[in-house]
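Engineer: Residue numbers (my numbering), protein chains in the order written: chain A, 1 to 112; chain B, 113 to 641.
Derived by calculation from the structure, the hints in this document are not laboratory data. For each residue, glycine too, the CB sits at the ideal point set by N, CA and C. Misleading hints may appear alongside valid ones.
What follows is a set of in silico ranges between Cβ atoms, one per label pair, in the way DEER data are often shown [said to hold, decoys possible]:
#1 A:Leu107 to B:Ile292: 56 to 64 angstroms
#2 B:Val403 to A:Leu107: 40 to 48 angstroms
#3 B:Ala263 to A:Leu107: 21 to 29 angstroms
#4 B:Ala263 to A:Gly89: 35 to 43 angstroms
#5 A:Glu106 to B:Tyr279: 35 to 43 angstroms
#6 A:Leu107 to B:Ile254: 52 to 60 angstroms
#7 B:Pro626 to A:Arg102: 54 to 62 angstroms
For reference, the chains in residue letters:
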Amino acid sequence: MFEIIRRIWKTGVVTQQPLVLAAPPRYRGKLIIDQADCSGCGRCESICPTGAIRLQPAPGGHKTGGQKIVVSYGKCVFCGLCSEVCSGGAISQSQDYRMATRQKNELLQYGG
Amino acid sequence: MEKNRRLFISRLKQTLTGKYLSVDEISEQETEFLVWKNQLPEVCRLLLEQRGGRLFTMVGGDERSWTGTLALYYVFAFDKTQQFVTVKTLVSEEEPTFPSLAAEFPAFNWYEREVKDLLGLRPQGHPDPRPLTLHGDWPEEIHPLRKEFPADEWVARVESREAFMRYQGQDVTEIPVGPIHAGIIEPGHFRFGAVGDTVLHLDARLFYTHRGLEKISEGQPLAKALFIAERICGVCALSHAVAYAQAVETAAATEVPLRARYLRSLFLEVERLYNHIGDVGNACAGFGLAVGISQGARLREQLLQLNERVSGHRYLRGIVALGGMRSDLSAAEFADILHTLNRVEAEFQEIAEIILSHDIAINRMHNTGVLTLQQAVDLAVVGVAARASGRDIDVRRDQPYAAYDRLKFSVPVYPEGDVLARIRVRIDEVTQSCHIVRQVLAQIEPGPVCCELPAIAPHRRGIGWVESSKGETVHWLLVGADEMVDRYRVRSATFSNWPAVPLTVPGNIVPDFPLINKSFELCYACCDR
């Protein structure tokens, strides 16, 4: 009991364990972006139906022509097209579905 | 097939001799007759009454940029020959009127009012001058589907012109319900005129959350518009996606690979199953049979989880591609589908038996909300509601798409037209859908699931149609320059069926309305596209 209250206090999460532990393998969740493999071709940006993904100028990224992938989960509809067309395998899709945030700017994911 | 088609078209030409300007072959299944607008009523009358056609969809378009005029397309389906006939007429900007057919054929009512709202083409002689898609507070002279209207324009509202039935005397009580409801449902305003408990008249006002999806898809690349199509409605997402993809594939004159066609049929049936099972359960909320509601929801959830396992999405979004399917299924996934379906079907039969053997349930459903066959035909009602009123139409059988020409199934039809008949149609269709899925699993052979589409020339057209769980859904597409959407018209089953609902309510008691409404199970989003 004390343990549960401590957890709620600490994490803000009421249930002790999530009901569904893992989403099925085909589930299209949060993207995994490996900036090192990005060739900067821009296919992901042009195929995205909602304009959620874009290439942003970033200093030092010589391999990608000085660009970095940025995804906005405020716009993403998790169609998975970006990972399908990615030429260098820089974008892949995980089964992570727990993406709630408290701040709007935390919905942005930068290629790392 | 080809011979029958030529015969059909030559007979049609004979019937319409002297009444058309030109004939054009749009696709293998569609022939277009260009007519003067004053001959429109006569041509439509001949097609509907003499040639046995039925209204499939009607589309208005702003084609001033390339033909100098606006245009109207009336599409009629001829189920016996599996052909479509489009009657096209040009309407000039200077005289934006056309003869109305709504007084003679009520099925045209909503189409004509929508064209008037969105394109400013006025149907002359239409018995109902009220706005439909746009509400009364929208300025009358602004028409959002005209090309010069920007999709993101903010329009200042004016004093409302909305009007409802006016009752005289002291005995009629007006009961306004909605558009904001107590449950989690979409917005619709219902105004009952009741004498005691009995409803005298019902006005239904819809289109509260119209999103202008047809407008925003204009100028989009064809592949991106697929995502808009998929988001028209939550529970028939796949039906809309497949209908749109078929429209594009028709415009490209491409046949998708056989395996993809089978997979489309498979998933479309799974979509029907989770809807029908959920809807039968939900109908029990109309008479408080809690066990039905809970069990229906439980089985529906099992199917939604199956969807997520085999497609990655509970509502089957993101699996259709233009030219086929985005991914294939493995043998293990086929086995999962079969296993889950067998279990769900057996359990659903048990629940259906509980509902149909419950005296109070039968008492509430029997003779409630009757839609007569005449009404169903006059309003061109489709889907479950049509089949429960004896109108024997199902595009899976009548105009086969996907792999339905290779699958055997029967189409349940009941003549009664009441709530019970609509529930029975759904229960029977669950059995048929399971039967179809098993056939797909037995027949499907390895092969590619997607093909490349060739370039589509500007001003090519295509129609796509799907029998969704609500009924036939028709997507009409005109491709513009650079493979962009020029005009996209979605005629959902709901658009055809909503006008019928208010007809079934008078004579019933007010507490039966939720039950009647649930038995039609129409979504608002499909209208608010």
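Engineer: State for each hint whether it applies.
Structural biologist: Cross-check of the supplied hints:
1. A:Leu107 to B:Ile292: 56 to 64 angstroms: violated, 29 angstroms
2. B:Val403 to A:Leu107: 40 to 48 angstroms: For leucine 107 of chain A against valine 403 of chain B, whose Cβ atoms are near 42 angstroms apart, the range 40 to 48 angstroms holds.
3. B:Ala263 to A:Leu107: 21 to 29 angstroms: This hint holds: roughly 25 angstroms between Cβ atoms.
4. B:Ala263 to A:Gly89: 35 to 43 angstroms: holds, 36 angstroms
5. A:Glu106 to B:Tyr279: 35 to 43 angstroms: Distance hint for glutamate 106 of chain A, tyrosine 279 of chain B is violated at roughly 56 angstroms.
6. A:Leu107 to B:Ile254: 52 to 60 angstroms: About 35 angstroms separates the Cβ atoms of leucine 107 of chain A and isoleucine 254 of chain B, which means 52 to 60 angstroms is violated.
7. B:Pro626 to A:Arg102: 54 to 62 angstroms: For arginine 102 of chain A against proline 626 of chain B, whose Cβ atoms are near 39 angstroms apart, the range 54 to 62 angstroms is violated.
In summary, the structure is inconsistent with hints 1, 5, 6, 7 from the numbered list given earlier, while agreeing with the others.
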